Amino acid sequence: MKKIKISNVFIYIFLSVASFISIFPFYWMIVSSTNRSFDITMGRLLPGNYLFNNIQTMLNETNFLTGLWNSARIAVIATVLTLLLSSMAGYAFEIYKSKWKDIVFRLLLLSMMIPTATMIVPLFLMLATVSNTVPAFGLDTIPAIIIPGLASVFLIFFFRQSTKMFATDVLEAARIDGMGELGMFFRIYMPIMKNTYAAAAIITFMGSWNAFLWPRIVIRSSDLHTLPIVLNLVNATYTLDFGLILLVSTLSIIPMGIVFFVLQKHFVAGMMGSSKG
Amino acid sequence: MSNISLKEPPQAKRTLNLTRFKRDLVGWCFILAPVILIGIFVVYPMINSFHLSLQSGVGRNLNFVGLDNYTRLFQDRTFIRALQNNLTYLAIQVPLMILLGLLYAVLLNKKDLKFRSFFRMCIFLPAITSLMAYATVFRYLFDQQGIINALLLNWGLIQDPIGWLMNPVLARVTIIAALTWRWTGYNMIFYLSSLQNIDEGIYEAAKIDGANAVQAFFKITIPLLKPIILFTSIMSTIGTLQLFDEVVQITDGGPGQATVTMTQYIFNLMFWYNPDFGYAATVSFAVLLMILTLSVIQFWATRDRDKPRRRA
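These protein sequence lines map, in sequence, to chains P and B. Here the first sequence is numbered in my numbering, starting from 137 and rising by one per residue. Here the second sequence is numbered in my numbering, starting from 12 and rising by one per residue.
Don't take every hint at face value.
[Unchecked claim] Here are some of the chain B residues that sit facing chain P, going by a computed Cβ distance under 10 Å:
1) Val-53
2) Asp-123
3) Ile-134
Honestly, the hints are just simulated from the structure, not real lab data. Please read these numbers as outputs of a predicted model, since none were measured by experiment. Idealized CB from N, CA, C, for every residue including glycine.
Input sequences plus hints: build the corresponding full structure.
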């Protein structure tokens, strides 16, 4: 073992402080979910025995389970469909390259600059119109949350970039064997690109799990609330039950934590793809 | 390709063209669905947003008012407040986060440092939290009765609890602190992976030439990381100008309107005050114009000035 260099001592101190600041809110959040609200406000930093009571309050007074169920199914459906659509497009832009497809691709990239904030007003009005004719896809439905975000230009770009590394001779060989174009995509491309899919799945899952603004605009009825909406309402309604609200926060971070530890290898590639906001 | 087909008999040429046409068509089919979706849910709303911004009225009864909404924008105190807030978050939080992220990345890239992966893991961990959850934690950390005040009181550093979220300046500080906590580790990962591609030899050469660590950082590291710094700063600019979740959860725009953001104002114009979708669209179009302008400025500011010009 090498000795720790003197010049590095300040670096160790600095990084320890930085790590402490990064970890402390997690620690406080988790520990507080086992404590009584009063003890938390007195500055208690040790685990307590109030976890069961907090869970009881949560189940009785909040919409947590509904929110968890909705967030989970929306995230799963959105991830599967988004991955399918954007990987097919990214694949086609590269494998069936043509002048016109490249022009369409550039236009798609340009549309990435358009912020969500700019689209919410017209989209809301559009959905309000849809509600009158096809209520199943209008406001206050799950399709209304999922469909507008299904086509992700970023993921199309991401898949196209990854397809550039893809050895196309495999496809030529399959063609000679008489395999159809769809078969080549599903039976050859998809299995080979599973790492790219894992990274893309993380991007989409996190995006969906975090989404607050759009679901908040679309959803009215409480049985369609997602976890971020539940958290927002608990924050607005149950003033100062620290134990309760920090328990709900802890539980809504856990699924992302699981995704993180399961797909850790792909997580960094996935992070590079997701964006702030 | 054309050479080969010239040598082929006419029959083969036709089948070749036919398969090529077929494949081109298959390609378009693969692309079709996302292109239509983006047309309906991104491009059309953007155009419609401009169209709506020329109208005003209560709810969905809108009349054409020309550019009135845009003149209203400049006299609207809430909008100006929101704009100032967004620009404050942008001007303070984004540079702070990028510099801190760079610093972490450079330190964690030192090969002789122990516990590197432990530190990296700790600093990165905030990036896996969901936005609403971390915002909630910060709202209660900085509550009047939160742990920050409790600790400061217990240690005797303050006599009375500080109203972090009740004071306009402190409330903004809290939001900036929260954003920095959540996103610094995330940006660090980008810098760290770019740093790993830099050849160590450059630093050795600089050391021999007598450059110290600070000079090496500003003269070597930053210029080499310029593309990734540009990328992260544009992403952060776009994110910060659209800030919504954190402010809603931590301060709900308060105290008064001290922390309100543009996206939050759009939301309020749609659902809270007398809904005016035309004016809400005007604010949202202003956000679009600002994001485009700032992105262009960032590209321009970081352009390669040293590139030799061919026709000088």
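Going down the list of hints, with the structure as the test:
| no. | hint | verdict |
| --- | --- | --- |
| 1 | Val-53 | holds, 5 Å |
| 2 | Asp-123 | holds, 6 Å |
| 3 | Ile-134 | holds, 5 Å |
In this structure, every one of the numbered hints holds.
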